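Protein chains in written order, with our numbering: chain A, 2 to 149; chain B, -13 to 675.
A hint or two may mislead.
[Said to hold, decoys possible] Facing chain A, from chain B, some residues (calculated, C-beta under 10 Å):
id	residue
1	Ile316
2	Ile350
3	Asp413
4	Val510
5	Phe600
6	Gly644
7	Gly662
[Claimed, not checked] Cβ-to-Cβ under 10 Å is the rule here; a few derived chain A residues that face chain B:
id	residue
8	Ile39
9	Asn54
10	Arg56
11	Val58
12	Thr60
13	Pro73
14	Val92
15	Ser98
16	Asn100
17	His140
No lab work stands behind these hints, which were simulated from the structure alone. Quantities reported herein were computed from a predicted structural model and do not represent experimental measurements. All residues carry an ideal CB built from backbone N, CA and C; glycine is no exception.
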Amino acid sequence: MVTVAEQESIKVIVFKLMDKEYAIPVSHVQGIEKMMHITRVPRTEKFVKGVINLRGVVTPIINLRERFGLPPAENTESVRIIIVQLDDVEVGFVVDSANDVIDIPVKSIEPQPEVVGVKEEAFISGVSKIGNRLLILLHLDKVLNLSE
Amino acid sequence: MEMNQQYLDMFIEESKEHLQACSDLLLELEKNPNDISIVNEIFRSAHTLKGMAATMGFEDLADLTHKMENVLDAIRNEKIKVDSNLLDIVFESVDHLEAMITDIASGGNGKRDVSEIVEKLKAIEAGKQIPSSTPVQQEIAADVAVEEEISAGRYLIYDEYDITVLQQSKEQGFNAYEITVSLRQDCLLKAARVYMVFQVLEKCGEVIKSFPTVENLEEEQFDQNFQVAFISKDSAEEIQKKVSKVSEIENVVVVPLTDEMVRKASKEEIATKERQQQDLEKSNQAPTKQKEEPAKKETNASKQSAHSKTIRVSIERLDILMNLFEELVIDRGRLQSIANDVKHSELTETVERMSRTMGDLQNIVLTMRMIPIETVFNRFPKMVRSLSRELNKKINLEIIGAETELDRTVIDEIGDPLVHLIRNSVDHGIESPDVRKSKGKPEEGTVTLRAYHSGNYVFIEIEDDGAGINKDKVLKKAIERGIVTKESALSLTDKQINELIFESGFSTAEKITDVSGRGVGLDVVKTTIQSLGGSISIESQEDVGSKFSIQLPLTLSIISVMLVEIEKEIYAIPLSSIIETSIIKKSEILNAHNQKVIDFRGKVVPLIFLDEVFEVPRSEAFDDEYQSVVIVRKGDKLAGLVVDSFIGQQEIVLKSLGNYLKNIFAISGATILGNGQVALIIDINALMK
């Protein structure tokens, strides 16, 4: 994999949670699916909503709102599942909506602003300001780490 | 690059097969040391292996095979006699070859120091084992001369017919040539190149003869070179140029065929003919042998034709096929429900027909993953042979049911446990010949390896007529190691004592031998088998023998389950652990120390409420006068799983929950139901502590 520093820009998938926009590098995204039936898996973390049948592969689903400690949302038409792969782990993130793919210039990525007391802080690898949009880049390793 | 990988894979697979054939046949040869037809077959396998290795550029491999081939050739020409010591060395070479192939398979270059074994082979080949009488020596010398001649490039042998043809064509003004064509080392499609060379030649003349024969050339049964005798009006130079135009050819040598070459060759021919005559006489003396031979050839031929009708498919592709197929199944489910709603007769009919075809298709897809257990079993004869020689024991290995089919994934896993159990039987089970004699048993011990199907299971048994398990010794050891206490030891049944040897850190071997007792105990075997969803048990009687029985699911990917419903959630319970289902009245549930139990056929059975265990969210309290209970078993313990309702029995495809969700309590996996939803499979072992 090419390190971020060597590239001019990175392509990211932008999605929404509440009123904020988040970004995941497109290289980690396997696909974006509409909401489908999720089978609950008992005795797992609360943010693990269960598993879905993704074209024959049983894929776990994480609700990102719950993972970040945000209030739950109503299921609307715009809700999407972003299938993300990191190393040998494949999971789906439930997000409010996902409809943008953009290039972020590497130079525009800044370390996360130091705000104390926000749970999602731990999952953020940086922020990028594109025009008047503020994109929050996710630290996938930490989002997927169950022990936190 | 990818092409090369593909050829490499093919090379590795085929080399393994040839090596396997070599070891099988060598074992057979040891039993019938005078049967030259077996030697011929081994020779053929070795020769093909050599050719393949040379083509792929594995010099060491080709070289060692060549040396082995020389020894086989000497046996075949009855210059040396077959005995166990000689076979030891040939087996050793096969081991080295195997190690090389393994190295190549794991990405190495197949290099290995084989100087020692090469020396040994050379010594045998030089006839060190036979008394040095002059005529034999001379024969060897003559043979060497012939070989030198061959290496100098003289292969073609002309019979009288050929000579007549050559003479006549010369009279008609044709020139006769011998053409030696060398293909490039990396030539991938040798047969195709040969074909192209022949095409070129046939345009400007006629091929009289070739070495190897045309059939062998077509089957790529040659290394890099082949020779043809050719008549043409063209000059040698022209022919050389034309043939060289074919790509992937390294060298073309065109030599005019002189009378001298023809005659000299034919003299050799006469010598071989004489030898054949002798062979014929010999076989006449042994009529039974002659009878056997054609029969053998026949089976060989049928084997080969069967071989050519199969293709190799990687297990990954089969998995992809399986996944695609499951998607189809899901769509079928949707189509069926649409057809039911629409009630259009033609649509319904089509969907029904499609369902039937898909049922057949499913069977085919599933059976494609099944391979005979032979692939695991056939490495054992050689292993038992070398073990018994190492330990100075006489052991006969019987294999029954090698054709029994098992899922590929199980096959891959079962090899090591079996190796362990067989080593155990040979080392600890079978006694040394004098001990056996003193016990009034035949000197030769028997180890039987048996496989058979029964229901949805495959059973593999390793039985020996050896010493059996000494219960006092086992108990003493178990108490020593703190596995059981002295008090509890008294109450153990024989069966329980036998099973103690599966406990971790247990080994009855008094001294650590090379064969077993290296710290890896039978407990590893047990864990492996359990991880495959199987079980192992042992029966033993002192001085009579022991029998290890392994029970394995036919396939890891498909299991029969009972689908049950709790609220709106569907769970699958493996049928293998279900005893029966029953519906009980609420009033039949009893309380015992905060544990709800029922009386099931006179036995007190604890109840497990799955809705509580799995924290199923209930919209309203489930209240019914009757409760559905699935009676399950783990070992000889029973429990009743309380569910809302039964859906029914079904065959399901096992799926993993993936790498993210590991160690989920009491869930062993998942499956996809007809409607496309995921259902979880309950792990009974985890539910019953």
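Hint check: 10 Å Cβ-Cβ cutoff, Thr60(A) to chain B = With a closest approach of 6 Å, the Thr60(A) hint holds.
task = So, Val92(A) near chain B? Judge it on the closest CB pair being under 10 Å.
result = Holds - the Cβ of Val92(A) comes within 10 Å of chain B, reaching about 5 Å at its closest.
query = Does the nearest C-beta of chain B fall within a distance shorter than 10 Å of the C-beta of Asn100(A)?
reply = With a closest approach of 25 Å, the Asn100(A) hint is violated.
ask   = Holds or violated: Ile350(B) as interface residue toward chain A, Cβ cutoff 10 Å?
value = At about 18 Å, which exceeds the 10 Å cut-off, the nearest Cβ of chain A leaves the hint on Ile350(B) violated.
task = Using 10 Å as the Cβ threshold, decide whether Asp413(B) counts as touching chain A.
result = 40 Å, violated
inquiry  = Quick check on the hint: Asn54(A) CB to chain B CB, less than 10 Å?
reply    = Holds, because the Cβ-Cβ distance from Asn54(A) to chain B comes to roughly 5 Å (cut-off 10 Å).
task = With a cut-off of 10 Å on the beta carbons, see whether Arg56(A) makes it to chain B.
result = Because about 6 Å separates Arg56(A) from the closest Cβ in chain B, which is inside the 10 Å limit, the hint holds.
query = Does the interface hint hold: is Gly644(B) within less than 10 Å of chain A, judged Cβ to Cβ?
reply = 6 Å, holds
message = Min Cβ distance, Ile316(B) to chain A: is it shorter than 10 Å?
response = 8 Å, holds
key: Hint validity - Pro73(A) Cβ closer than 10 Å to any chain B Cβ   = 15 Å, violated
message = Quick check on the hint: Ile39(A) CB to chain B CB, less than 10 Å?
response = 8 Å, holds
key: Residue hint Phe600(B), partner chain A, criterion CB-CB below 10 Å   = 4 Å, holds
Violated hints, in rising order: 2, 3, 4, 13, 15, 16 and 17; the structure is consistent with all others.
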